[in-house]
Structure formats: structure tokens, C-alpha cells
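Use the sequences and the hints to build the structure in full.
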Amino acid sequence: MKYSYYPGCSLSSTGLEYGLSTRYVAKKIGMELHEIPDWNCCGATAAHSMNHDLALALPARNLALVEKQGLGLEIAIPCAACYSRMKYAIQAARSSEKERQKIEEIIEMPYEAKNDAICLLEAFAREDAQAAVKEKIVKSLNGLKVASYYGCLLVRPAGVTQFDDNENPQSMDNLMTLIGAKPVNWAFKTECCGASHQVDAPKVARPLIYNILRNAKANGAEAIVTACPLCMMNLDMREFEFNKAKKEFDIPVYYFTELLGMAMGADPKELGMEKHFTPAVARIKEAFKRPPEEEKPIKKAKAKVEEVKEEEKPKEAIDNE
Amino acid sequence: MVERNLTEAIAKNKANIDAIQAKSGVDLKECYQCGKCSAGCSMAAGMDLKPREVVRYLQLGLWDDVLKSNSPWICASCHTCVARCPHNVDIPSLMEAVRQEAKRQGIVPVKEVDVFTNVFIDSVKKNGKLHDLMLTGMYNMKSGHLMQDAWAGAPMLKSGKVGLRPHTVKDKEAVRRLIKNSLKRGESK
Chain A
1 MKYSYYPGCS LSSTGLEYGL STRYVAKKIG MELHEIPDWN CCGATAAHSM
51 NHDLALALPA RNLALVEKQG LGLEIAIPCA ACYSRMKYAI QAARSSEKER
101 QKIEEIIEMP YEAKNDAICL LEAFAREDAQ AAVKEKIVKS LNGLKVASYY
151 GCLLVRPAGV TQFDDNENPQ SMDNLMTLIG AKPVNWAFKT ECCGASHQVD
201 APKVARPLIY NILRNAKANG AEAIVTACPL CMMNLDMREF EFNKAKKEFD
251 IPVYYFTELL GMAMGADPKE LGMEKHFTPA VARIKEAFKR PPEEEKPIKK
301 AKAKVEEVKE EEKPKEAIDN E
Chain B
322 MVERNLTEAI AKNKANIDAI QAKSGVDLKE CYQCGKCSAG CSMAAGMDLK
372 PREVVRYLQL GLWDDVLKSN SPWICASCHT CVARCPHNVD IPSLMEAVRQ
422 EAKRQGIVPV KEVDVFTNVF IDSVKKNGKL HDLMLTGMYN MKSGHLMQDA
472 WAGAPMLKSG KVGLRPHTVK DKEAVRRLIK NSLKRGESK
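Protein chains in written order, with the numbering used here: chain A, 1 to 321; chain B, 322 to 510.
Do not rely on the hints blindly, as some may be mistaken.
Just the calculated beta-carbon pair ranges, DEER-fashion [what the hints assert, rightly or not]:
hint, chain 1, residue 1, chain 2, residue 2, range
1, A, 136, B, 485, 46 to 52 Å
2, B, 492, A, 94, 21 to 27 Å
3, B, 485, A, 288, 36 to 42 Å
Just a few of them, taken from the derived set where beta-carbon distance is under 10 Å, the chain A residues facing chain B [said to hold, decoys possible]:
hint, residue
4, 9
5, 12
6, 15
7, 38
8, 41
9, 233
10, 237
11, 272
Simulated from the structure, these hints should not be mistaken for lab results.
Glycine is no exception: its CB is placed at the ideal position from the N, C-alpha and C atoms.
In C-alpha cells, the structure reads:
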């Protein structure tokens, strides 16, 4: 488990907790993250709104720096927007020699598109990481009901990211199951949070957050889990805002790395969890105190359902005839 | 409802149709107007032309209606439309092409989105990395929404989520040249 690491701007600012908890969890499971030396901003949505070449060149400089460093590793990227921009740049450079040369000319560096990029969630969803996580778990979330929120850019466009399913992804759900949480079925896994439009078009974008929270609540979620600093800030900050007007939601929002860290016995402060707008520490502490989930009754109930189904089947068959 | 002669429109506006196809890399004939894009669009509620309509206008080369539309500006590039499109029509790329063409003609239907893009890139030009405090401060000033989200400033400064000093790259010159090179190529197109 060795990766080049592109933290992106948010992880040392608005997504501070994501950076802290990523470092904590990676260290625990022996995942090596080699930060790209002197990396720059990926340009996010702004660059590709402004200029097509700029949207490729900003991430490409970072990719070229990885090649220059010569570690020959895949690049793990926590932020969904950074991840998306890097994937586009790699794909463009690999699509044609002309594109690759154009990128080289703009960044004034050699770039051969040798290294692949993956999102941090993918690094943790791999078998080696899952096995290592399993070994380090000291506390269970005891059936805490979580809504895994993937947002847009981790899974879309599928041709670019090539990660998980773009309507019903499972990788985060699986990680949550691993630490004893219970992922809920809900409809807003890959709905958009509005991204930067929460700032520049708030009237149109705010309902997006409201609807995500409402659907999580309706499906019994006690927490939302994210893998992107912008999704996180939008949900966490705007939930706090909604609750100021009317106390409607009690659904703290977490980075998946925070919950992994907590299950590995971290102090919430080590992970930066006290920095959320919507208070997040108490819910996890409370979950740790719950009685362990009993598996037997669930299995029995399932078996019963199956029996009933089997009894019904022949009847239906007769009806159809 | 405006009556339009479609055959005439397509013939008359061929230059427009070719231009937008070249810029976006999208074959507009791929769209058969099923409307799945509009149905799944997260921002559709705020759009004056729904995504399906934007594509239809573009198919007919009727730029005037599209260039003054707010839709390309509030498209969040979430790609739900493409994911569900039976013909993989890349609507976000179309939206982007329209936005850039509108800007070139001096048409900016949603001023705030344009301001945000510009202050974001300014911050990257200056430091090589994004400085959130500068971004929000400049955005509020230039958009005229002075007090927007001001309540969050104090708690975020306190928790260290935004800082007075920017994080910077060491090789600022390299990033500046890269931005200059990109924008220069854009102009020469």
C-alpha cells in the first residue's frame, strides 16, 4: 500500500479534518502516502469554466511532478474535484500525442501520463486496505445507521473515473459495514450537492442540500458519510444553517476516514472532529456505548422470510397458468 | 409559442451548429429529445431553459435564446444527465461551450458565477493554491453580496479552517506561466 499523494487545497483549509483523519488512518494501517512536492491547485470547477486548456494544465503540472519524482506509484486523491480534474488530464494526455504535446508545451515540463490516479476511497476499498483496516478496529459503531453519500465526481462521468457504480455505488457502504455501522438504503447517494453554486447561486442550490438531508432522514439515517471536502462543507455548514432557522435535522456529517479513525480508537481531536459546524463527536461516542448488534435474530428473521417466499412461489406459478 | 421553420433554421444557422459541435466535441444529432437529462438534472428547478431545451435550441443553431439563458451558468457539471442519456450526449461540455461563447460576446446572465470563477483563478494565479479567505472576501466584494456567509468567518478562523495567510507553492512563477500559456492559446483559437 504505497501511493503518491495529492492532498489538494481543501485538506489544509476547509477540509482540515479530512487531512488529519486521512493521515491518522493511513499511518495506522501502514499505507504510505508520499505527498507530491510543491503541488499546485487543480483548478477545480473554476478552471474548466474559464478555459479548456487551463483545466488540463493545472492538474497536469502535478502529474508531471509525480513523474519527475520517479516513485512510479499511483496517485491517491482525497478530494472528489481534484480527483476528477486529474483523471481528465491523464485521459486527455493518453487520448492523442497532439494533446499530450500541447499539455507539455503549456506546463513547460515533460509529461508522459505514466501514472494512474485513484480516489482515496478506492485505495481504502481495495482488499489489502480492507484487511488492514479490519485488523486495527478496536471499537464497533454498533449498528449506527449511516447514509453513504458519494456525490457526483467520484463516480461520474463513468468513462473518466471508472470507479464503482454511478447510480448505486457500494464501496463506502462496505467500509462502513466493516466498522459495525449499518448503511441505509437511500435515494440520494450520487445526487449533486451543488458544489460551488452554494456560494454563487445559493437560491437555486440550497434546496439540493435540503433534499439530501431530508432523504437521509426519511430513511432513518443517524449520520451521513462523505468522501469529498466540498460535499462535506456544503452538507455540514448548511445543515447547521437550516437548524438555526428551524431545528429540523439531527444528522451529523463525517468523512469516511473520521469514522475509520474513531473505530481504530482515535481521540476525536486527533481527527479534527470537533471542528464541524454540526456537532459530530457525541453521536459516535453514544454509538460506542450501544449494546453490540445481535446477529442471530436478524438471521432468523431472514430465514423466515425465505420460507414464506418459497411457499408462495408454487401458488403464484399455478395462478399464472 | 413561436412558430419556427425547422428546415430553414438548420440551413440558415449551419455555421452556429458546426461551431458549437467543434467546440464541445458533441454530435448534436445524437440527441433525440427524450428528456431524461431534464428529468434528472439537479439544477433544473432554477433553469430558464431545461437541459433538453438547451440541446434542442443548439440543434437548430438558435443561439440567441441559449446565449442569454441562465442554464449554462448554473449547470453544476454533475454529469447526471450524461450518465442517464441513452446516447451519451455530453451536455456539460455543451453548457461549457455556450458559457464561454456567451462570455466572449459579453453576455453574462449570472454575474455571480462569473465573479466566482474569476476570483478563484486570481487566487491560484497569486499563490499557486487556493486561499479560501481571499476567495470569499473578494467574491463578496465583487458580487456585492457583502455579508454572505459572514457568520461562518469567525468559527472557521478559530478552528483553523481558514487562515489569514495563504498557503503557497514554492515555484509561483511556474504556475503563473502555465496560466498565461493556457489563456494565450485560448485567445488564438
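A closest beta-carbon separation below 10 Å is what the hint needs, so does residue 233(A) meet it against chain B? holds (9 Å)
How about residue 12(A): closest beta carbon in chain B under 10 Å, or not? holds (6 Å)
Holds or violated: is the Cβ of residue 237(A) closer than 10 Å to a Cβ in chain B? holds (6 Å)
Is the interface hint for residue 15(A) satisfied, with its Cβ closer than 10 Å to some Cβ of chain B? Holds - the Cβ of residue 15(A) comes within 10 Å of chain B, reaching about 8 Å at its closest.
Is 36 to 42 Å a correct range for the gap between the Cβ atoms of residue 485(B) and residue 288(A)? holds (37 Å)
Does the Cβ distance between residue 492(B) and residue 94(A) fall inside 21 to 27 Å? About 26 Å separates the Cβ atoms of residue 492(B) and residue 94(A), which means 21 to 27 Å holds.
Hint validity - residue 9(A) Cβ closer than 10 Å to any chain B Cβ: holds (4 Å)
Does the CB of residue 41(A) sit less than 10 Å away from some CB of chain B? holds (5 Å)
Do residue 136(A) and residue 485(B) keep their Cβ atoms within the hinted range of 46 to 52 Å? violated (37 Å)
Using 10 Å as the Cβ threshold, decide whether residue 38(A) counts as touching chain B. holds (5 Å)
Restraint: residue 272(A) near chain B, CB-CB cut 10 Å. Satisfied or not? Nearest chain B Cβ about 8 Å off; hint holds.
The structure fails hint 1 only (numbered hints given earlier).
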